[in-house]
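Undergrad: Below, each chain spelled out in residue letters.
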Amino acid sequence: MEGKPKITVDGLMKAFYKKQGSVIALEDISLTINEGEFVCLVGPSGCGKTTLLRILAGLEHPSVGSFTIETENEDRPLQSMVFQERGVIPWLTVRENVAFGLKMRKLPKDFVEERTNYYLKKTGLERFSSLYPKELSGGMKQRVSIARAFANDPEILLMDEPFGALDEQNRFILQEELLNIWAETKKTVLFITHSIDEALLLSDRILLMGAQPGKIIAEISIDKPRPRKIEDIRKDPEMAAVFLEIWHHLQEEVLKSRE
Amino acid sequence: MNNQQLARDESFEVEQREWKRRQRKERGKQLLTIVSPVFLLLLWEVMSRTGILDIRFFPPPSRIVQTFYEMIMSGMMAKHVGVSLYRIFIGFLAGVIPGVIIGLLMGLYSPIRHFVQPIVMALMPIPTLALLPIIIILFGIGDLSKVVTIAGSVFFPVVINTAAGVLNIDKIYLDVANNYQTSRWNFFFKIALPGSLPVMLEGIQMGQAIALLTIVAAEMMGATSGIGYLIWTSYKAFLLPEMYVGLILISFFGYLFSIFLRALQNKLLPWR
Chain X
327 MEGKPKITVD GLMKAFYKKQ GSVIALEDIS LTINEGEFVC LVGPSGCGKT
377 TLLRILAGLE HPSVGSFTIE TENEDRPLQS MVFQERGVIP WLTVRENVAF
427 GLKMRKLPKD FVEERTNYYL KKTGLERFSS LYPKELSGGM KQRVSIARAF
477 ANDPEILLMD EPFGALDEQN RFILQEELLN IWAETKKTVL FITHSIDEAL
527 LLSDRILLMG AQPGKIIAEI SIDKPRPRKI EDIRKDPEMA AVFLEIWHHL
577 QEEVLKSRE
Chain C
35 MNNQQLARDE SFEVEQREWK RRQRKERGKQ LLTIVSPVFL LLLWEVMSRT
85 GILDIRFFPP PSRIVQTFYE MIMSGMMAKH VGVSLYRIFI GFLAGVIPGV
135 IIGLLMGLYS PIRHFVQPIV MALMPIPTLA LLPIIIILFG IGDLSKVVTI
185 AGSVFFPVVI NTAAGVLNID KIYLDVANNY QTSRWNFFFK IALPGSLPVM
235 LEGIQMGQAI ALLTIVAAEM MGATSGIGYL IWTSYKAFLL PEMYVGLILI
285 SFFGYLFSIF LRALQNKLLP WR
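Note that the protein sequences, when read in sequence, are chains X and C.
Under this note's numbering, the letters of the first sequence match residues 327 to 585, in that order.
Under this note's numbering, the letters of the second sequence match residues 35 to 306, in that order.
One or more of the hints may lead you astray.
To be verified - Listed next, the in silico BS3-like pairs over lysine-lysine satisfying Cα-Cα at most 30 Å (straight line): (1) 448(X) to 550(X); (2) 205(C) to 429(X); (3) 205(C) to 435(X); (4) 432(X) to 205(C); (5) 448(X) to 205(C); (6) 582(X) to 345(X); (7) 345(X) to 205(C); (8) 301(C) to 432(X); (9) 344(X) to 205(C); (10) 205(C) to 541(X); (11) 541(X) to 512(X); (12) 301(C) to 460(X); (13) 435(X) to 301(C); (14) 460(X) to 113(C); (15) 301(C) to 429(X).
No lab work stands behind these hints, which were simulated from the structure alone.
Bound-form chain X, shown alone (with noise of 0.2 Å):
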C-alpha cells in the first residue's frame, strides 16, 4: 500500500493545563498516513485518541508540533467527522442532517440536492429522510452521520469512535456498509475505536496508542484483502495472532495505567 502521503503529523504534542497539575496528553507523536489508506487508531479510554483527532478536525490546537493535510483540490474541504452517537443534530430532519455541510458551504441548490439524495440512498436513509432523529434507531442516526460526512466529500474523513454505542449486531452491518461506500470513494480515514475486532476487518493499517502520555506504541499492517467479510475476519488464523499481539500490547497499557 505505498502512495503518496496525505496526513502528515509531525512531533505533535498536547498538555492540558491544569492548576493541580498539567497533563501531557499527547507526546510527541509524529505519523504519517497514506492518501486512500484507512487507518484505525486503537488504544484504552483516556489515551488521547480522541484529543488527537480533535486537533485534525481543527476543534483543538496543539501545543507544540503541527500536521499537514494534503489538498488535491481547493473547493474541497480539508476533513469531515463522523462523531459518536449524539452528533446528530436534533432539529435537522435526516435529509437535512445529510445535506448540513454542503448547506454550510453554501453550494449550488440542485448540486447539494443530488449529493444528498445519493448518500441517503447509499445509507438506506431515503424512507427516512423527513423524519427528526429521535424517531431514528442508534444505527441510522449513526447512517445520517456517515451519509453527512460523505456527502461534504472532504480531503480526509476523522471518525470518533462512531460505532461505540450501538450492539454488536448493528455494528458489525454497519462497519461493512462503511466499507462499502468508502471503497467507491477511497477516501483517507483516520477512525478511532477501541475494539479490536472493528479495527482489524476496517483497517490497512492499525495504530495502537499507549496511555498517560499518549504516544503510538505499534503499528500494524493488515494485508487482508478487501472486501473484506467480518466472518473471514473471524476464521483466519492469521487474523486471530494479530488480535492477541494488538490485545498483549493493549493489556499492557491498561495494566500500566491502573498502577
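Given chain X's structure and the hints, the job is docking chain C onto it.
TA: Positioned in the frame of chain X, the structure of chain C alone reads:
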C-alpha cells in the same frame, strides 16, 4: 399447529381484556378532571345559598354568571377586556423581544454575558410593581405605563431562560458546526436559535403568566379602565359579583394563553 393458534388467540384475548380495562381506567381519570371544577362550583353554590358561606363575600356562582351576562350586554365587558388584552399583548411583546435578543447575545458571547448578567441579577428581584409610582410619573396613567410595567416583568424570565437555553446546547453540536465550517450567520440560525428554543419557550410561557399577574396590579393603581381596574373599583364599591367576574376573566385568559403557547411550542419544536 392448531393448538398453537389457540394459544395465540387466547393470549391476544387476555391482552385485549387488559387493554380495555386500562382504557376504562383512563376514561375514569379524564372524567375526574372534568368533574372536579364542577364539583367545586356546586359546593360553592350550595354553601352560599344555605348561608354556610357569607353571601356578601362569596356570592353564588349563578349570581356571578348572571352579572357576567349583564356586563357583556351593557358593553362594559368588551371595553375592559379589550383595553387589558391590548396592554398585555403590547407589553408582552415589548418584554419578550428584547429578552430574546439580549438573552441570545448573552448566551453567544461570554463577555456580554459577564457584563450583563450582574445587572440582570440585581434588577430581577425588584418587583416592577414596586416601581409603579415612578413608572406612572414617567409614563402617565394611560396605556404606556401599563405596557412598561408588563414589559419589565416579562423581560426577566425570558432573558434568563434564553441565555440558559443557548448555554445548554450540547457542546457536540457546536463541534459539528465548527467541523462543517458553519458561518456566523448560519450558526445563529441553524444551531443557536433552534437549539435554545425549547428553554426559551419555557421562559416565554413563564412571562405570559407574569404578564397576567402584573396587568391586574398595574391597573389597580392609576388606571381608568381594564380588568384590574374593574376588580379594584368593584371591590372598593363592594360589588363582589363584578369583582369575581374580573378574577374569572384573568383565570380564563391565563388558561387560554397557556393553551395557545403550548400549541405554538408543539408547532415550533416538532423534533422534541
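Undergrad: Could you work out which of the previously given hints the structure breaks and list their numbers from low to high?
TA: Those not satisfied come down to hint 14.
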